[in-house]
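S.K.: Work out the full structure: start from the sequences and follow the hints.
Protein chains in written order, with my numbering: chain A, 1390 to 1528; chain B, 114 to 267.
These are calculated hints, taken from the structure and not from any lab test.
A couple of the hints might just be wrong.
Label pairs and their calculated CB-CB ranges [unchecked claim]: (1) Asp193(B) to Gln1520(A): 24 to 30 angstroms; (2) Glu1458(A) to Pro230(B): 44 to 50 angstroms; (3) Lys1499(A) to Thr197(B): 39 to 45 angstroms; (4) Val1526(A) to Val139(B): 49 to 55 angstroms; (5) Val139(B) to Pro1467(A): 28 to 34 angstroms; (6) Ile1481(A) to Pro230(B): 20 to 26 angstroms; (7) Pro1521(A) to Glu206(B): 17 to 23 angstroms; (8) Thr1432(A) to Asp185(B): 23 to 29 angstroms; (9) Ala1494(A) to Leu142(B): 23 to 29 angstroms; (10) Ile1481(A) to Arg241(B): 20 to 26 angstroms; (11) Cys1466(A) to Val139(B): 48 to 54 angstroms; (12) Ser1501(A) to Asp185(B): 22 to 28 angstroms; (13) Thr239(B) to Pro1433(A): 41 to 47 angstroms.
Short, incomplete list of chain A residues facing chain B, as computed with Cβ under 8 angstroms [said to hold, decoys possible]: (14) Ala1426; (15) Glu1431; (16) Thr1432; (17) Glu1441; (18) Leu1450; (19) Val1452; (20) Leu1453; (21) Gly1456; (22) Cys1466; (23) Glu1471; (24) Gly1472; (25) Arg1473; (26) Tyr1474; (27) Arg1477; (28) Leu1508.
Covered stretches of chain B, as calculated for chain A (at least 3 residues, CB under 8 angstroms) [as the list claims (entries may be wrong)]: (29) 210–220; (30) 237–245.
The beta carbon of each residue, even a glycine, is placed where N, CA and C say it ideally should be.
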Amino acid sequence: MEKNEIIQPQMERSDSARVQEGRVSRMQTRRRWLVPAVNIYETPTEFVIEAEMPGVNREGLEVLLEGHELTIRGRRCPETGEGRYLVRERDIGLEYRRRFELDPALDPSKVSARLEQGLLTLVLPKAEAFQPRRIPVTD
Amino acid sequence: MRSPVRHIDRRGVRLWDELENLQAEVDRLLDAAFAAVGSSSSLLGEHVVPVDLLEESDRFVLRVDVPGMRRDDIQVTLHDGCVTVAGEVRLDERYAQAQVHRSERVLGRFQRTVALPAPVAADQITARYREGVLEVILPKAEEARPRHIQVQAD
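M.R.: Here is the structure:
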């Protein structure tokens, strides 16, 4: 695990059998959740978390903040179809879940979330004390 | 910035759970690594997106997980009984200048071709992009649809 991470993604269980490029990783043992892939980046004023949750709409999404722990959960819309699968590579799990531990430098009251085409974008502004400030120079 | 060292409350967390979590994380990292370099198409600067192909009695349904794209960046083509989905996952502009802490999303061009086992009616194909899932409906051609044959008695 990397050090110096301001936002620490926590590990969760998932029961997905991920098939990628014909390779099946055996993740189904006792794990109940799909783990969304995330990008985390930092600008001078904020942190941004992008989480991929295809198949999740606004009704199925939950963003929970408890103290400095942020949890995202997304329930996928069930897909209809009574046919047979000729190819089946997509995750079969129904729920995404991932937890992040937030640094105290982030202001939890100002977290905003946007879900667009299965991509959740969380913007976490830094507390003012941690934002860069221009100091006026006097003679 | 404050000290990055943090205390995680481990009460109630059993060793077995921790090992399982570790295994999950290693699996995920390996998946990401293989997805990034392990496929021949990656050598061409492309990555593989997961697809489902479902056959129903009168149509095929193709579903592809491609979250966070613009509709205009996705192309669907039918050629020689094969349906191809291609596109490009673009970087958020802010991302380019930001300090990156974690990068698990696969970005860039992708292309996927799936062979259909029966002819389809090319002019009736529809594609919809919703909640990050591309769904292509390919109705079977008339001659490929099941048909009830009346049994006649002499």
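S.K.: Work down the list of hints and note, for each, if the structure agrees.
M.R.: Structure-based check of all given hints:
no.	hint	verdict
1	Asp193(B) to Gln1520(A): 24 to 30 angstroms	57 angstroms, violated
2	Glu1458(A) to Pro230(B): 44 to 50 angstroms	49 angstroms, holds
3	Lys1499(A) to Thr197(B): 39 to 45 angstroms	44 angstroms, holds
4	Val1526(A) to Val139(B): 49 to 55 angstroms	51 angstroms, holds
5	Val139(B) to Pro1467(A): 28 to 34 angstroms	31 angstroms, holds
6	Ile1481(A) to Pro230(B): 20 to 26 angstroms	22 angstroms, holds
7	Pro1521(A) to Glu206(B): 17 to 23 angstroms	20 angstroms, holds
8	Thr1432(A) to Asp185(B): 23 to 29 angstroms	27 angstroms, holds
9	Ala1494(A) to Leu142(B): 23 to 29 angstroms	27 angstroms, holds
10	Ile1481(A) to Arg241(B): 20 to 26 angstroms	21 angstroms, holds
11	Cys1466(A) to Val139(B): 48 to 54 angstroms	30 angstroms, violated
12	Ser1501(A) to Asp185(B): 22 to 28 angstroms	26 angstroms, holds
13	Thr239(B) to Pro1433(A): 41 to 47 angstroms	45 angstroms, holds
14	Ala1426	4 angstroms, holds
15	Glu1431	4 angstroms, holds
16	Thr1432	5 angstroms, holds
17	Glu1441	4 angstroms, holds
18	Leu1450	10 angstroms, violated
19	Val1452	16 angstroms, violated
20	Leu1453	17 angstroms, violated
21	Gly1456	11 angstroms, violated
22	Cys1466	7 angstroms, holds
23	Glu1471	7 angstroms, holds
24	Gly1472	4 angstroms, holds
25	Arg1473	6 angstroms, holds
26	Tyr1474	6 angstroms, holds
27	Arg1477	5 angstroms, holds
28	Leu1508	3 angstroms, holds
29	210–220	holds (count 10)
30	237–245	holds (count 4)
The earlier numbered hints that this structure contradicts are 1, 11, 18, 19, 20 and 21.
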